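Chains as they are written, first to last, in our numbering: chain A, 544 to 1089; chain B, 544 to 1089.
Any given hint might turn out to be false.
Since the list can't tell identical chains apart, any single copy or any two copies may satisfy a pair.
[What the hints assert, rightly or not] Below, simulated BS3-like cross-link-like pairs (lysine-lysine); rule was C-alpha separation at most 27 Å, straight line:
| no. | residue 1 | residue 2 |
| --- | --- | --- |
| 1 | K1028 | K913 |
| 2 | K577 | K752 |
| 3 | K645 | K567 |
| 4 | K622 | K673 |
| 5 | K888 | K759 |
| 6 | K645 | K554 |
| 7 | K557 | K775 |
Just so you know, these hints were derived from the structure itself, not from any lab. This one's a predicted model, so the numbers in the text were calculated from it and none came from an experiment.
Number of protein chains: 2
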Amino acid sequence: MPERTADEIFKEFKEHSIAEFFKKNRQMLGYAGKVHSLVTIVHEYVTNSLDACEEAGILPDIEVKIDEIGEEKYKVAVKDNGPGIPKNYVGKALAQILSGTKFHRYVQQRGQQGIGAAGCTLFSQVTTGKQIYVKSGTANGKAYSCNIGIDTLRNKPVISNMMDLPADQSFRGLYVEGEFADVKYENSDHGVYEYLKRTALSNPHVQIKFISPEGKEYTFMRAVSAVPERPKATKPHPLGMTVNDLLEFAQKTESRKLSSFLLDTFARVTPNKISEIKQIAPNIDMEKDPHMLAWQDAEELIKAFSKVKWVAPDASFIKAIGEEQIRVALKNILNPEFMNVVERKPAVFRGGIPLIVEAAIAFGGTAGKKTEEGYEGNILRFANRVPLLFDSGNCAITVAAKSIDWKRYGIDMDSQPISIFVNVSSIYIPYSGVGKEAIAQEDEIIDEVKLALMDAARGLQRYISGKIHMHEEASRYNIIMRYTKQLANDLGSMTGKNSKDIEKKLEELVAKHYPKVSTNANKAEEAKEVESSEEEAGAQEAEPEE
Amino acid sequence: MPERTADEIFKEFKEHSIAEFFKKNRQMLGYAGKVHSLVTIVHEYVTNSLDACEEAGILPDIEVKIDEIGEEKYKVAVKDNGPGIPKNYVGKALAQILSGTKFHRYVQQRGQQGIGAAGCTLFSQVTTGKQIYVKSGTANGKAYSCNIGIDTLRNKPVISNMMDLPADQSFRGLYVEGEFADVKYENSDHGVYEYLKRTALSNPHVQIKFISPEGKEYTFMRAVSAVPERPKATKPHPLGMTVNDLLEFAQKTESRKLSSFLLDTFARVTPNKISEIKQIAPNIDMEKDPHMLAWQDAEELIKAFSKVKWVAPDASFIKAIGEEQIRVALKNILNPEFMNVVERKPAVFRGGIPLIVEAAIAFGGTAGKKTEEGYEGNILRFANRVPLLFDSGNCAITVAAKSIDWKRYGIDMDSQPISIFVNVSSIYIPYSGVGKEAIAQEDEIIDEVKLALMDAARGLQRYISGKIHMHEEASRYNIIMRYTKQLANDLGSMTGKNSKDIEKKLEELVAKHYPKVSTNANKAEEAKEVESSEEEAGAQEAEPEE
């Protein structure tokens, strides 16, 4: 076989766009199976809506409607009451991969990549040849509508039918509608209904209405009506910096001196800290122009940073869900018999990126997963309140949960109705893939989740062992009580005293020995009533039929 | 809290490059842990070298050298004897993400994305601030060297120090050298040594020399010296097309008629098939200009395609490793006591993309994984001969292997020294992520792998049960033989005949009853010798010390 030269081979050399890449590799974006793909579409639009509402300071109202329009072909429409998108940005926002308002900012949001919505447009186009339809109304009452496609060769939006809506069709928020083939609606653990249910669980301030392809309407009621605090952008912490990061910040700064650059750019840098750095790295000239910073100097600075005793990164700009809100949401959606919610103190990963882990364990109610034999535990994973339904084996949360010896806590994940809830909040979530379905297995994240879950498990352990103890006492109490009447009668006829009086005295005697059981027994009926009325309150959300 | 308008929010809107994206999310490219990151670097360079050699028709000789140059800082150098890279392409080939010779062609290669090598350049730059150093010599004997970095904001190469090498430094092939921090060399199941060992296993025609940071030299000897056939580009099969694909091909064609477009563009389309399509979809005008093809027509055509009885996609351009080559490689690297190699017939996934699955089971020798208690089975995964070391839980191969009830085959994966080998060959491998560490869980791929493994398992089952049977017979044989001498002596003194003669006759009698065992027993010594001399032949590769 004759050899081929490099020149012959490289005649084939070409550049290609990121849109072409994901068109060919759409499974990397979460378009990996028909049911999965439909969830991905809903996920991308809902995530964007929630982020937009929160950035605008609006309590979100979301409506998701899915219609079957052909064989494995569906129309998906998502409507929100958010700020809308300005006309001059709508094309890029919805049809240019790697553009958006989030990627470059140090701010906690659900989305962070600028890929999701454009991915939907791409998926619609390659499976149905259709553009997506958009209506957007901004605060000033002006609304427009248009169709948007994507020029995949150039990764650029293609806009058509742009028109202003007349005043009587005025509209506030964003409405996106697309047609998608190669997708399938299914009521399963990995379906759209479950996705929205979990979204409601981690976002008790959101109201979500869902109209399924069968025409059924479900409403996940808002459980908390406080507008969540707007996520704030922050400065990066010196400990989270790599040498390369530091150099890039130095290139962009307007400061003229290294010291003022450090003071202006990073959190927790004070004049005192500058002095500390000077002592640790006396070779570094703090008067130097930061734009002239060389790699070696930057490397020395980063080394010095690691030796300074810093105040921990400010976690105030990380908004966790909050213990009380998780409690309300769990009550609302799972109505468990017992729950234990744990919020860890802020921690850091990769040296200086702050994160907060919240975990909860819910027992009973609709917690856990029904199986043929009974129940088994399930893990509800969230990242910045976004439910993660796929690729669980690859996720730091699952790895942490599986590393725990649950039996030590008297918990049997294979047979008990238990739901484990974990939410990881951070300005930067290190997803393992572009599809954002699993959190990368960073050691610090796994450790934090593990500690939170172990803490939550201890609470459930106390409850379960109390329950077992109570159950044993109740058995004994019931056995004794069964003989009380007979004993009272016998004693009555033996002593000639009133056997009713004797029975009452005997009962009091027994009750003294089993105070908890007897009180509970009295209150049992009462409690039952309260529970059932609460059940009704939560029941505006009806479970779909299997 | 006052609401923010869309205009205020969208002031933050920005576009960003794919290089910026991966700089921030490098874990998605396989830079997810220190040991893992070092393997990723070696993997990207070795993969490119092997592809280049095969495209040029050269028997590959690869040398990998890793030096520790600081704390978690290493220099990695990879040298091949391939065709080199033309000077005018070297920057883009090594430092522009999403460019290359492979992405757009229908040809089976290891790489397919045009991301890997540029990812290494990016990783070197952000961890050490250094450019990579390249030397390339093409067939005509001319060689040059240069340094290459990446402008991440624009995703463009930055080349410096370009110089032609004098004739006395003439060089044939490609030499790439880079410095990387945040990496670590480790001898483990997920380390560089294991990666190269597995590369040798799936590429018996390759010679790999590895010089480890401790200065140890390992050579994985070439086991087969036939130059593998050059991968051929092919036409796509109609069944593998989506509507969108068809339209894009129609846009690009030089044909003037729909019929000639179909004949020219796709495999297996003949004038007869065109007539068949006409009958199935009489509305389609075959005289039509393909550039005018509308979505609906294309959709109808795709539907018609699915009803035509096609000749299966031509799998001749998919090059599997080959049964004999796998056998030689397993012998060379694992030297197993038993092996069974299975090559499945070509199959298709996603309607029309052909794939070939090869599987092998090796038992004994250095197969399996040593544990504290003994052994356990391990799975060696390959895609187009490239070893997959990470993200195994997420991979179609692992999912298929785990779905098999091994005990039914008398195989215990928890205690036996077994290695399962699976290679999936295709023009397009649907990786689950950009890091190409797992094959997406497409049903057809899982099924094919499962069938191949079950077939391989049956062979091992026969061997193991034969072994058990043999072991039982051998025990009986040995027990009887123990008494033969005594019996011969007794019979000798009783009858007065020569007891030696009697012993010989008795032995012959027993041997007749246990023919296999006795033959084996005679040949045991002989076999031992053969094995040990073969061991020596394979032993030019020394195991690294733990």
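Here is how each hint holds up against the structure:
no.	hint	result
1	K1028 - K913	neither (42 Å within a copy, 69 Å between copies)
2	K577 - K752	within (23 Å within a copy, 45 Å between copies)
3	K645 - K567	both (26 Å within a copy, 13 Å between copies)
4	K622 - K673	within (19 Å within a copy, 49 Å between copies)
5	K888 - K759	neither (42 Å within a copy, 47 Å between copies)
6	K645 - K554	between (39 Å within a copy, 11 Å between copies)
7	K557 - K775	between (42 Å within a copy, 18 Å between copies)
Hint compliance for this structure: hints 1, 5 are not met, and every other hint is.
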